[in-house]
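Protein sequence lines, in the order shown, are assigned to chains A, B and C.
Going by our numbering, the first residue of the first sequence is number 6, and it counts up by one from there.
Going by our numbering, the first residue of the second sequence is number 810, and it counts up by one from there.
Going by our numbering, the first residue of the third sequence is number 3, and it counts up by one from there.
Calculated directly from the structure, the hints in this document are not laboratory data.
Partial chain C-side listing against chain B, Cβ under 7 Å, derived:
# : residue
1 : 7
2 : 78
3 : 211
4 : 212
As a list, the in silico DSS-like pairs of lysine-lysine whose alpha-carbon atoms are at most 25 Å apart:
#  : chain 1 : residue 1 : chain 2 : residue 2
5  : B       : 970       : B       : 934
6  : B       : 917       : A       : 200
7  : A       : 200       : B       : 934
8  : B       : 970       : B       : 958
9  : B       : 934       : B       : 1035
10 : B       : 958       : B       : 984
The C-beta atom is built at its ideal place from N, Cα and C for all residues, glycine as well.
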Amino acid sequence: MMAAASDSLARPVDLREPSGWRRSKNQIMTVLMWLAFVIVLIPLGFVLVTLVAKGADAISWQFLTNSTIPPNVVPLGTGGMGAAVVGTLEVTGFASVLAIPLGVLGAVYLNEYGGNRILAQLISFMSNVMTGVPSIVMGLFIFIIWVTHFGYSGLAGSFALACLMLPIVIRSSYEMLRLVPDSLRQGSYALGASKARVTLTIVLPAALSGIVSGALLAVARAAGETAPVLFTMLTVEQTNSNLFSGPNTTLPFQIFMNAQSAYTGANARAWGAALTLVAITFILMIAARIITALFTRNTR
Amino acid sequence: MEEQQDQLNVQQDEEILPKLAVPDTAPRDKFNGTAVFDVQNTSIYYGSFRAVTDVSLTVYENEITAFIGPSGCGKTTVLRSLNRMNDLITGARVEGDIRYRGVPLYGKDVSPIAVRRRIGMVFQKANPFPKSVYDNVAYGPRINGIRNKGKLDEIVERSLKQAALWDEVKDRLNKSGLGLSGGQAQRLCIARTLAVEPDVVLMDEPCSALDPIATGRIEDLMHEIKSRYTIVIVTHNMQQATRVSDRTAFYSVLRDEKSDTRTGVLVEYGQTAQIFGDPQDSRTQAYVTGRVG
Amino acid sequence: MVEPRQEFERDLEAIEAKVIELFAMVAEDLPGATQALLTGNNDVLQALTEREQLINALYPEIEELVNREILLQAPVASDLRFLLSVLRIVPELERSHDLVVQIASRANHILGEDLSPRTRGIVERMGALASEMWRQSVDSWYQRDRSAALALEERDDEMDELHASLVAELASGRMALPVTMEMTLVARFYERLADHAVNIARRVVYLAGPVKEKPAG
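Just chain A, same shape as in the assembly:
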């Protein structure tokens, strides 16, 4: 819409949506975007719906707590996954205790203290490499160095899972720490805080919700791993609440074992275990979010 030079003052004001091809391009992209969103939702929704539909029948108090895992032929109703629930909670819990503090501290070192030193560059490189290592390799690694000397145990499983979690925690914590604006650190230094105090009282609290998110992702990943469990814990049919001695079992492993079987009882138990695993992860996430929100309520 070219205005005549002499009429520039008289040009009418047009504030409507850009017309023509720009408008349709806008509309097309909006539609595509919604389409993509729906496509992504479908498998997620499908999984959840299937889980609930197939697994709900199996869930009962007995299922969750009974300490004997029945053989595959036994139909639903007898025994339960209590052993696996306990095993998952214990093994994943201990792996978190190992990996999360170590990972966060490692990230703190990388971001606050390391700078361009060789050690820092090495740690950073190695943790990047480790995120790509297949979980079965981790299991094998722990098998070789620990299980062959000390036997199968939940502890070995924790070690394997911790190795898996560590690079994830380091990477995500590092990113979160980097996001903390340097102006906050400067403000703290200017008040006469030492580096350690700056990190503990300003940087970590500021990055807390992000670090928790990263840690949760790592925990969820670890809780769902099957391969490392294979090499380090074997399996049991009775609850073994001792983490440090004797084989143990976890929910993902039980899913693996029961789902392969032809018996309906076993399959039902597999679905139940799957639903239980997802529920545990879900509850964990919600709990962590609530706790984080409580801790950071004064900081928004």
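Dock chains B and C against chain A, hints included.
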């Protein structure tokens, strides 16, 4: 009885202000007063780049000293060297002599942390911590070891009153410091700095992001606290320098044509009325009259 | 790269030009006024009165311009000294021109022959001296020459001596009373003109500012 009372008060103050464990050997000048900072032939480097060359000046007690000059002339670098904030930058090094009340600031046994507890800093962009208003102001005293809630309450209230912010936040002390307006946030940062009762307050363009009314409040604040503190302020606003400062130091950029390097130098330093009224150096004249950017 | 504060510079130059104009009017009209007095020529008065109108318009105009610059430009250092100096000397210039007109208007009241030779001689010298001092004063302003004040103060002493001589001559009673009374006034006018010239030179000392040190490095 009175003496006993005084003793108690002194004790209280000492708890709040951990002493830099050196004697006060500040030179006192009959005409000018006590010298708080004595900078002699100081050059500051970032790696191999010489940011500031051969600066010498003296900052006097209970005065407001302004650093003015074009961008890149090193005034912020000099300011930050006064409380060893440059130590945080890798490769930064100070050559020359900077004395704080007679004590070499970069001496071997001097702890930068103790330095910063006596020489505080307010930054260009307000940087309140993501904590409550109360926790922001109480942060400094807490890291100095004060745990008693009653005492902290008193310190927080006193500091916020000194910063002319108390009335606006007294009902929202537990709300986040991030929810304040720009001017309020900057006053919060000032309150935070005053809470540790420093000796000197350094300000790096504290009002550059603020509207005129907020700026005016902070300038009034500076006048009020002048009697208890020594203030050094870097500012781009020359009217601000004339309004608040007693002395002004004008820095400029010195270009070396042969090696194509630039460095900051101190061109002229004196009473503000003289720097702006009768500048001695033609470069000062050109800058303050706006003929040179 | 645009020079900063171009408009401000232009405004300052405009003010300077007008001040020089005022200066010029006084400096030019003074010899003519002296001449008119000594020869009893009334025509000069006409031109001078017209100039007076011009000045009465120019002087508030200059003041207005200066007020505006001070208000809007927040001047400091040499700019401020310049503007304040202009405000101070413009009234002196205006009053000086009044004096010049007064001197010329005396020509109405006395005829050239009424003056004794001695009186005539002294008045001539006073007129010349005053013109000389005014020329020096204009130059000192134009060149921002702070040393002129001292020189002008010395010449002012000279003027005071001439004034004293003229008063003595008048007291001797050689001329008619009305003439004597007129000439007393004239004596005072020249003496005041000299004073104004000195005052302006003194303002120039403030205007020129401090003695500059050589820039370091």
